[in-house]
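Colleague: As a plain string of letters, each chain reads:
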Amino acid sequence: MQDQKTKILLAPAALVFTGLFVVPLSYFFVISFWRIRLYKLVQDFSFSNYVSVFQEYMHAAVFTFFISLTIAIVTTFLAFAIAYLVRFKAGRFGPFILYIAMVTMFGGYLVKIYAWKTILGTNGILNSAMLWVGMIDEPLSWLLYSPVAVVLTLLHFLLPLALLPLVGALNSITDDPILVARDLGATGYRTLVDIILPQCQPGIVSAFALSFFISAGDYVTPRLVGGPDTFMVGNFIESQFVNRLNAPLGAALAFSTLTICLIALALFRILLSRSLAPK
Amino acid sequence: MREAKTSATTGKAIVRMRGLSKSFGDNVAFHPHDLDIQEGEFLALLGPSGCGKTTLLKMIGGFLAPTTGTIEISGEDVTRYGPEKRRTNLVFQGYGLFPHMTVRQNVAYGLKLAQTPKKQMDEKTDRMLSLVHLDGYENRMPQALSGGQAQRVALARALVMEPTVLLMDECLSALDLQLRKEMQDELRTIHAALGGTYVFVTHDQNEAMSLATRIAVMKDGNIVQQGSAKDIYENPASRFVAGFVGEANMIKGRRAGGQIHAPDLQCAVTSDGVDCDITIVIRPDVIEFANPELQYDFAMLGTVQSKTYFGSHLSYDVDLDHGRTIKLTQTLSPADSTPEVGQQLRIGWNADRCKILEAE
Ligand SMILES: Nc1ncnc2c1ncn2[C@@H]1O[C@H](COP(=O)(O)OP(=O)(O)O)[C@@H](O)[C@H]1O
Ligand SMILES: [Mg+2]
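Just so you know, the protein sequences line up as chains A and B, in that order.
Heads up, this note's numbering is the position in the first sequence plus 6, with the first residue counted as 1.
Heads up, this note's numbering is the position in the second sequence plus 162, with the first residue counted as 1.
To be clear, the hints were calculated from the coordinates, so they are not data collected in a lab.
Since this is a predicted model, take the numbers as computed values, not measurements.
It is possible that part of the hints are untrue.
[Said to hold, decoys possible] For lysine-lysine, the following DSS-like pairs were computed, each having C-alpha atoms within a straight-line distance of at most 25 Å:
id	chain 1	residue 1	chain 2	residue 2
1	B	Lys247	A	Lys285
2	B	Lys381	A	Lys285
3	B	Lys343	B	Lys274
4	B	Lys517	B	Lys489
5	B	Lys247	B	Lys280
6	B	Lys174	B	Lys392
7	B	Lys489	B	Lys469
8	A	Lys285	B	Lys280
9	B	Lys247	B	Lys392
10	B	Lys281	B	Lys343
11	B	Lys392	B	Lys414
12	B	Lys286	A	Lys285
13	B	Lys274	B	Lys286
14	B	Lys414	B	Lys381
15	B	Lys392	B	Lys381
16	B	Lys469	A	Lys95
17	B	Lys343	B	Lys414
18	A	Lys285	B	Lys414
[As the list claims (entries may be wrong)] Derived CB-CB ranges, DEER-like:
id	chain 1	residue 1	chain 2	residue 2	range
19	A	Tyr195	B	Ala355	42 to 50 Å
20	A	Thr12	B	Asp382	50 to 58 Å
21	A	Met141	B	Pro261	47 to 55 Å
22	B	Ala521	A	Tyr195	55 to 63 Å
23	A	Leu198	B	Ser335	30 to 38 Å
[Stated by the list, open to error] Sample of chain A residues with no beta-carbon within 10 Å of chain B, all distances over it, derived:
id	residue
24	Lys11
25	Gly100
26	Val117
27	Arg188
28	Leu190
29	Phe237
30	Leu271
Just so it is clear, CB atoms sit at the ideal spot from N, CA and C, and this is done for glycine as well.
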């Protein structure tokens, strides 16, 4: 009886999940082994798409992996610092800081990209300021249209998102064990490492996964602020689907990236729990 | 500013507090006091909720900075030290176990921080775990423990540090009655076995009486009386203490010209002292059903209103003729006759067994 009811209640969510996620994903997984001949999809099973991914796009994959890893680590670190401040140091200003962070989500993604264009451009705020102070003689052109710009823009976009799971995790930690640790002689640093961090592992993993996956799959930011040398896998996937109409190769590229990301995430989780495990 | 209340005793004080007070904004949680804690004693801070017990305990432990005054522990001024720099350990009301550590890791954590050599650390941890009867539970996680077991882990984790003063904040109050009694026995046993100075916060007078060698009764941020359980029970200093520690019949009246007059009393009694309003405090066990052959300083007629059986004793409510109810207890021995509800009889007690409080 209870089971029946649970099933009925779960049905809408299951339907949406299957329709929007499982079905398309399975479809693209299958066609990643097919081929395009004369603009038509042919059911010709082979690993050739994956071979060309490996041969032609390896550099993009490696570049994407490292830039996403950088963004994810910096974002998670900063988000944790803010969440820690909100939970332990800011007192009644905590909710206010959180509120401000949430407000910065307003305006979305493209607005942030254009904001960073006006900050980092050759006539942008940063260059003008540095010229005015006399730090530089002519504008730095590499500020915009560079990997640095991609990291900054995505960091700005991801920070409030990554903040949420960490604030949740830190808020669910009670005060007593922290006071006890101090009472037993722990310094602030030891309390952080021995008591606080181990208890918010799921939050750290969520924040990391969120920033890592969104960065690894992004193709708009690198195109608009990344410049000629910043081609991330997302750009190649997009171009396979949109320009070259080669969905199988695009799908193979997407699944390769996804696999690498999942492996990276698994490694991150293992490393994190190993290093935080009580000894 | 008010004078600090001095209740310091001489002797070997391990904790010495002088002019200690704590305010939160305008709210004075603990008024200025001098208080000494003697080495080896088991001190109970007893008082109703909100009277400042936790505030005082946290100041001793270094979790709260006092607003005024100083604290010395073992002769060292620790007023400005946090808990990590004091040789005190506090057992929290909610235990505060580390949820991600096993029982063993919880207990050993303080030793690990102190960089105790592995062998010594293991020995101490084992000894402590077996002292609180947790052998076999070393590898359990806190979530898999019962309330009583969690309590023992918290206690072991503090005791293993061999604190100069062990502080406990209502740490048995979450347990059911049976378990609480057992833990009280164990705490007494542990105190006797290991020695050490314990300070125990509670709002339960029975707990305070069963554990402590000295009780400090608190009210509204003040320590209103200190002494042994017997002292306080027999010689309460105020109506509040009389009512809070044990049961008491309190009869209001006035002393004038060496005579006590009270509307509730059917008799006139002589009493030395100045003329003033008074309260007569009579413990229920002091009152007897009058033996016709004996003389009583106080003797009255009443009707048995209710009778409750407690195994070792009976408890009665006796209505005096004008509506006032007196509680009395009768210790049972086989020869005793026990009056029935509705029966009219005389009750009486002697002046030397009751306490006369002057107006407050
Ligand atoms: N952090 C605090 N901020 C403001 N007031 C407090 C704080 N802690 C305690 N108080 C106040 O101090 C008084 C004593 O509290 P407490 O020591 O916890 O009492 P008890 O432990 O006897 O129940 C109470 O009136 C309480 O409201
Ligand atoms: Mg309290």
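Colleague: Give a verdict on every hint.
Modeller: Each hint tested on the structure:
Our distance criterion of 25 Å between C-alpha atoms is met by B:Lys247 and A:Lys285, whose separation comes to about 24 Å. Using a Cα cut-off of 25 Å, the hinted pair B:Lys381 and A:Lys285 is violated, with the two alpha carbons roughly 45 Å apart. A distance of roughly 33 Å separates the Cα atoms of B:Lys343 and B:Lys274; the hinted pair therefore is violated under the 25 Å criterion. Between B:Lys517 and B:Lys489 the CA atoms are separated by roughly 16 Å; this keeps the pair inside 25 Å, and the hint holds.
Of the pairs offered as hints, the one joining B:Lys247 and B:Lys280 holds, with about 23 Å between alpha carbons and a cut-off of 25 Å not exceeded. A threshold of 25 Å between alpha carbons decides the hint, and for B:Lys174 with B:Lys392 the separation of about 23 Å falls inside it, so the pair holds. Pair hint B:Lys489 plus B:Lys469 holds up; C-alpha atoms about 10 Å apart against a cutoff of 25 Å. With a C-alpha separation of about 12 Å, the suggested pair A:Lys285 and B:Lys280 falls inside the 25 Å cut-off, and the hint holds.
Restraint check for B:Lys247 and B:Lys392: the C-alpha separation of about 37 Å exceeds 25 Å, so the hint is violated. Taking the CA atoms of B:Lys281 and B:Lys343, the gap is about 35 Å. The hint is violated against a cut of 25 Å. A C-alpha spacing of about 24 Å is found between B:Lys392 and B:Lys414, which places the hinted pair at or below 25 Å, so the restraint holds. Among the hinted pairs, B:Lys286 with A:Lys285 is consistent with the structure: their alpha-carbon atoms are about 17 Å apart, no more than 25 Å.
Between B:Lys274 and B:Lys286, the direct Cα distance comes to roughly 11 Å. Compliance with the 25 Å bound is thereby established for this hinted pair. Distance check on the hinted pair: B:Lys414 and B:Lys381 sit about 22 Å apart at the alpha-carbon level, within 25 Å; holds. Of the pairs offered as hints, the one joining B:Lys392 and B:Lys381 holds, with about 19 Å between alpha carbons and a cut-off of 25 Å not exceeded. Taking the CA atoms of B:Lys469 and A:Lys95, the gap is near 59 Å; set against the 25 Å cutoff, the hint is violated.
Between B:Lys343 and B:Lys414 the CA atoms are separated by roughly 36 Å; this puts the pair beyond 25 Å, and the hint is violated. Proximity of A:Lys285 to B:Lys414 is assessed by CA-CA distance (about 65 Å); at most 25 Å being required, the pair is judged violated. In this structure the supplied range 42 to 50 Å is violated for A:Tyr195 paired with B:Ala355, their Cβ-Cβ distance being about 36 Å. Distance hint check: the CB atoms of A:Thr12 and B:Asp382 are about 54 Å apart, consistent with the given range 50 to 58 Å.
At about 51 Å, the beta-carbon gap between A:Met141 and B:Pro261 stays in the expected band of 47 to 55 Å. Checked against the hint of 55 to 63 Å, the C-beta distance between B:Ala521 and A:Tyr195 comes to roughly 58 Å, which is consistent with it. Under the hint 30 to 38 Å, the C-beta atoms of A:Leu198 and B:Ser335, about 31 Å apart, fit the expected range. Even its closest Cβ contact with chain B, about 29 Å, leaves A:Lys11 beyond 10 Å, as expected for a residue assigned away from the interface.
Every CB of chain B is more than 10 Å from the CB of A:Gly100 (nearest about 20 Å), matching its label as outside the interface. Annotated as non-interface, A:Val117 keeps its C-beta farther than 10 Å from every C-beta of chain B; the closest such distance is 41 Å. Distance check on A:Arg188: its Cβ comes as close as 5 Å (rounded) to a Cβ of chain B, failing to clear the 10 Å threshold; non-interface status is violated. A:Leu190, annotated as away from the interface, has a beta carbon of chain B within 10 Å; the closest lies near 3 Å.
The non-interface label for A:Phe237 is consistent with chain B: the shortest C-beta to C-beta separation is roughly 43 Å, beyond 10 Å. Here A:Leu271 stays apart from chain B, with its beta-carbon at least about 21 Å from theirs, past the 10 Å limit.
Comparing the model with each earlier hint shows violations of hints 2, 3, 9, 10, 16, 17, 18, 19, 27 and 28; every other hint is respected.
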